[in-house]
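Chemist: Here is what each chain is made of, one letter per residue.
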Amino acid sequence: MSAQTAPLLEVDGLRVDFASRAGLVQAINEVSLVVHKGETLGLVGESGSGKSVSAQAVMGLISPPGAITGGDVRWCGTSLLGRKGERYARSVRGKNIAMIFQDPMTSLNPLMTVGDQIGEAMRYHLGFTHVQARRRAEELLGAVGLSAPARRLDQYPHELSGGMRQRVMIAMAISCEPELLIADEPTTALDVTIQAQILELLARLQKELGLAIILITHDLGVVAGICNRVAVMYAGRIVETGDVDTIFEDPGHPYTQGLLRSTPSLEGTEDTLMSIDGIPPRLIDPQPGCPFLPRCPIGVDACRQAPPAEAWKGSAVRCWKAGADAWSMGATRAQEAGL
Amino acid sequence: MGSFIVCRLWHGLLVVLGVSFTVFAVTRLFGDPVSLMLPLSASAEQRMAFAQEIGLDQPLFVQFIRFLGDLATFDFGESLWQRRPAIEVVFERLPLTLMLIGTGLGFAILLSIPLGMIAALRPGGFLDRFIVSAGLLGLSMPQFWVGLLLIVVFSVQLKLLPTSGMGTPLHLVLPALTLALTPLARLTMLVRSSMIDELNQHYVRTVRAKGLPFTRILRVHTLRNILISYMTLAGWELITTLAGYTVVVETVFAWPGLGLTAVQAIQRGDLFLMQAIVFVIALLIVLINIVLDIVFKMIDPRINLN
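Read top to bottom, the protein sequences are chains V and F. Taken in order, the first sequence gives residues 617 to 955; the numbers are from our numbering. Taken in order, the second sequence gives residues 43 to 348; the numbers are from our numbering.
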């Protein structure tokens, strides 16, 4: 997209560690992302791959035993980390960058009315009075498609359904007209029909408000539907980034290839879906080199050293053999071995 | 809300009836009030006359109805010890006990919230460990001993405060402090543990993502959410203090409140005064619970007790 303009958000070599009894868990390592105005970046990967941790690090939500131990997060070119950045971050957080979460059932304060919770950020960041915030909250509730918004203001979260609560979360997130919305699996906890409605709502708001969105999900269908660019995460690292079309068409990393092949499609002719053997590596004292090596069908000796970001058809791929067709080769090899 | 209060009052009335029945049963059925109140040397005629005077010659059923009627008009009979209506003695002593409880528990409540929150901010940190250890110490020391210890240190050794009795505000310090210690320790522990839980809730993450200052998150969001469990324990502390701790502390410090009066009434076999004290305390406990229920409903809209 608009590559000429300066990016809104830059995440540069970010590393987050969690202290645990068993040792230091490297939740994410060397994570770099760029988000431009108005674009939608999909962040995909399986559970534990570090998607949410990356987002929480951007929002400053990492708290002990976790800590950001390396790299930088910049908003419009200014760092949000460190003692100096913390003050700036507090003015950016909730105002320029907003976030919605996976579980709308528990993400709202049960003892505060919906109107007060939506108005809170506006009163703090924009200096709205109670009355102003209330009026604006009512408009926002209408904008996110809740019926009878005036009545909702005085309701408590337990009086609303899951889908309605997620709409309230979205209204809250866009209340200060942010430039970037981070949506951490916003539809995972919802019914399929509601999921579609929420995604449509996000797409519509993006168009109307010119929002950039980071959409965290493990649903590749959702990514294909609304994202411009994708970053694929595996074991705390980004293994592939690129345009959504390129990556779906021509995935460069063996993991991405495997991920796409293990997704059912309507046109698919295979009888059985592929699955990637093995499990993701432990994040406590990880081996040097490519984290996918133990499960990779085309791993070579070179993979014991960390792969550079190779360019592959416009994507950046962290693989020594970027672009090689890993799984048909692997499948042939498996057939030869009589499996 | 109106019907809720009426409903709670109705339940409260049933409890009070239960208490009256128990008091009646314990005093009339399991013991002999006459031999309790008259000296051993009293003659059979004197006993008979006394039994007639206080209505013990009537059938139990009639006695109970009369008893209820007396309770309804707060007529508990005459205190044998003080030679005046028992309820008068109770109303004279009750404010002194309430003053002691108000000071002690007020102190405990004011201090427990900040202490517990400080401990919860860095679980396992130096301040947390210090507060938890001090709390355990406070919980493990019985009040009669703490009271005596305070008297030895502050009154006998340092000569800063009076040992016992009532009069100046200084007289209030040691008994109130003794009374405060256990509730303070327990309430602080509760604030600490529920605050640690609460700060891990998902909604706190949402509020942090709004970029609000941490103090506001604590003050507006988490504090309100721990208030239900806090008030439950605080109410319970108030009740145990009213119905138990004051007896010990008032005895140690010779504070002439209801607790000390209860001890004296028992020692003197003053049945009517004892009844009046038990009944008034029971009534207060029922009232405290009703007020707590109403406050709970005001704090948490999800509570539905109808």
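It is worth saying that the hints were derived from the structure and are not from the lab. On a predicted model such as this, the values are computed, not experimentally measured, just so you know. Just so it is clear, CB atoms sit at the ideal spot from N, CA and C, and this is done for glycine as well. Keep in mind that the hints are not guaranteed to be accurate.
Only some residues are given here: those of chain V computed to face chain F with a beta carbon under 10 Å [as the list claims (entries may be wrong)]: (1) Gly676; (2) Ser679; (3) Pro726; (4) Tyr772; (5) His774.
Chemist: Now, for every hint given, state plainly whether the structure supports it.
Modeler: Outcome of the hint check:
no.: 1; hint: Gly676; in the structure: 7 Å, holds
no.: 2; hint: Ser679; in the structure: 9 Å, holds
no.: 3; hint: Pro726; in the structure: 7 Å, holds
no.: 4; hint: Tyr772; in the structure: 5 Å, holds
no.: 5; hint: His774; in the structure: 5 Å, holds
When held up to the earlier numbered hints, the structure conflicts with none and fits them all.
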